[in-house]
Amino acid sequence: MANQGPAYYSPYPTALYEGVSTPVEGKAILLDKEVDEETAMREIAKQMLTKENATIFPGPQVLYSYSDEARKKAALIKEMAEVLNAKMIPMYDYRPKYPKIDAEIEINPNHPNLTIWHNDIKAAIFIGVHCHYANVALKMVRCETDCYTIAMCALSGHEDAMATIRDQHASDLEQFIKIAREVKAELKL
Amino acid sequence: MAIDIYKINPEFRDIMPKEIIDLEENATWAQNQKKPRGIKEMPDTKEILEEHSLCAGCPEAAALRYVLAALPKPEETIIVNSTGCTSLMFPHIALHTVHSLFGNQNAVATGIKRVLDWRFPDIEKDVVVLAGDGATVDIGLDYTLQSFFRQENITTICFDNEVYANTGGQESGATPKGQVFKMAPTGKKFEKVKMWELATTAGCHYTMNMTASAPKAVAKAVREAILVAREIGPTFLNIYTPCILEIGLSANEGLGEMKDQDKDRFASYKFVSPEAEEFLKKCKEEGKL
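Residue numbers (our numbering), protein chains in the order written: chain A, 70 to 258; chain B, 242 to 530.
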């Protein structure tokens with residue numbers, strides 16, 4: 070199952086190897102359980118609002134202004150960060166950094182654990198990261214940190230995240246922000 | 242859309258590192274330039290190569306910076322590379338780069354160019370192959386020459402260091418006769434393959450053999466080769482970028498070595514087909530060069 074790490078510094082076994090796969094349409098995955106999207110959104114909001122140093126990692130698909138959807142999502146992610154009291158650290162491209170990244174202000178898919186260790190992040194949302202790099206980054210984070218990872222994916226989700234919801238377009242982010250506000254009120258934060 | 246992938250959404254501007262903001266604001270994208278791009282702007286503008294992990298003083302790194310500074314339209318350029326020292330630099334370029342299997346670079350570039358022409362018929366898209374002598378002259382010779390025979394509209398640039406450098410120093414087809422390397426202790430038994438002559442014979446419309454000792458000359462050749470490839474047919478540049486480590490030089494001796502070879506193995510060779518010559522004349526009149 071998609072356990073929280075550390076899994077002894079090995080990316081194996083992956084979640085898929087342990088029988089966890091991406092959710093079917095309209096559903097989400099929380100650890101190894103398939104749940105309704107709304108249930109997942111509530112849990113995600115709760116995790117982000119209650120864990121230390123919650124952070125959103127926006128990727129290139131939302132950081133750059135190349136389409137209307139990207140522009141809409143950018144505004145919504147900013148709002149989401151405010152609702153969740155979360156920090157934002159960009160994964161602005163996938164180039165390996167030489168000689169090393171500045172873990173305080175950036176995250177790189179080739180060694181995402183460095184940023185999570187450095188900032189002591191206990192819950193993180195990956196959004197707008199291209200799937201092939203999200204897969205790599207989530208596997209590393211899963212095995213090398215105890216961060217609760219959340220994948221908000223515009224395609225079919227990521228089994229190596231602790232929580233994954235799929236088909237997340239601008240309208241779904243609006244729905245998530247609404248739910249996050251409710252959860253925040255329930256938690257009296 | 243191509244240039245838009247470098248425009249940062251205003252919501253995230255405050256969290257982006259300076260080098261990415263610089264890339265948007267200070268890189269010489271062709272769309273924002275009145276004059277053709279070139280190496281003169283390098284000191285004042287943001288380079289497309291952020292950093293690299295090659296050896297200190299490596300002439301290949303310098304050559305790549307000149308090449309990138311001279312691309313006529315970087316935002317519409319795709320670079321295809323192959324295995325070798327060059328593949329250590331390509332992940333650091335802020336452009337689309339495709340790493341192909343060793344030697345396959347011209348076949349991969351062919352496919353990319355054809356699809357781009359079909360998908361974006363109204364936009365000039367440049368496909369540039371950058372590979373070492375091992376990939377171009379030895380392992381990928383077949384694919385390289387076949388792409389010339391087929392008259393593909395791609396530019397092929399060979400960074401010729403005359404050795405398989407990053408695997409420890411084995412001789413390549415481009416190694417000169419008699420040269421001894423760590424993994425070629427008895428010395429090479431036959432002559433250096435003159436790839437530039439093969440390229441001309443195989444149908445390239447613009448072929449050059451040169452060193453990277455003169456940045457302006459490299460930039461001019463790159464610009465001309467890409468423009469010719471865009472309109473006429475395949476072009477080929479063979480640029481000497483010595484592996485200072487394998488030939489026993491120190492970090493500050495690369496330039497001297499290139500200058501020495503300007504008069505020897507890499508004495509200037511230039512072939513321009515009549516069509517290409519006519520076309521370049523037109524480009525000059527239109528201010529594209």
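Take these hints with a grain of salt, some might be off.
Footprint (simulated), chain A over chain B, 3 or more residues, beta carbon under 8 angstroms [claimed, not checked]:
| id | stretch |
| --- | --- |
| 1 | 247-253 |
| 2 | 256-263 |
| 3 | 292-300 |
| 4 | 508-518 |
It should be emphasised that the hints constitute simulated quantities derived from the structure, not laboratory data. Just so you know, these numbers come straight off a predicted model, no measurement behind them. Note that the Cβ used here is the ideal one computed from N, Cα and C, for glycine as well.
Checked hints:
{"no.": "1", "hint": "247-253", "in the structure": "holds (count 7)"}
{"no.": "2", "hint": "256-263", "in the structure": "holds (count 4)"}
{"no.": "3", "hint": "292-300", "in the structure": "holds (count 3)"}
{"no.": "4", "hint": "508-518", "in the structure": "violated (count 0)"}
In summary, the one numbered hint that this structure violates is 4.
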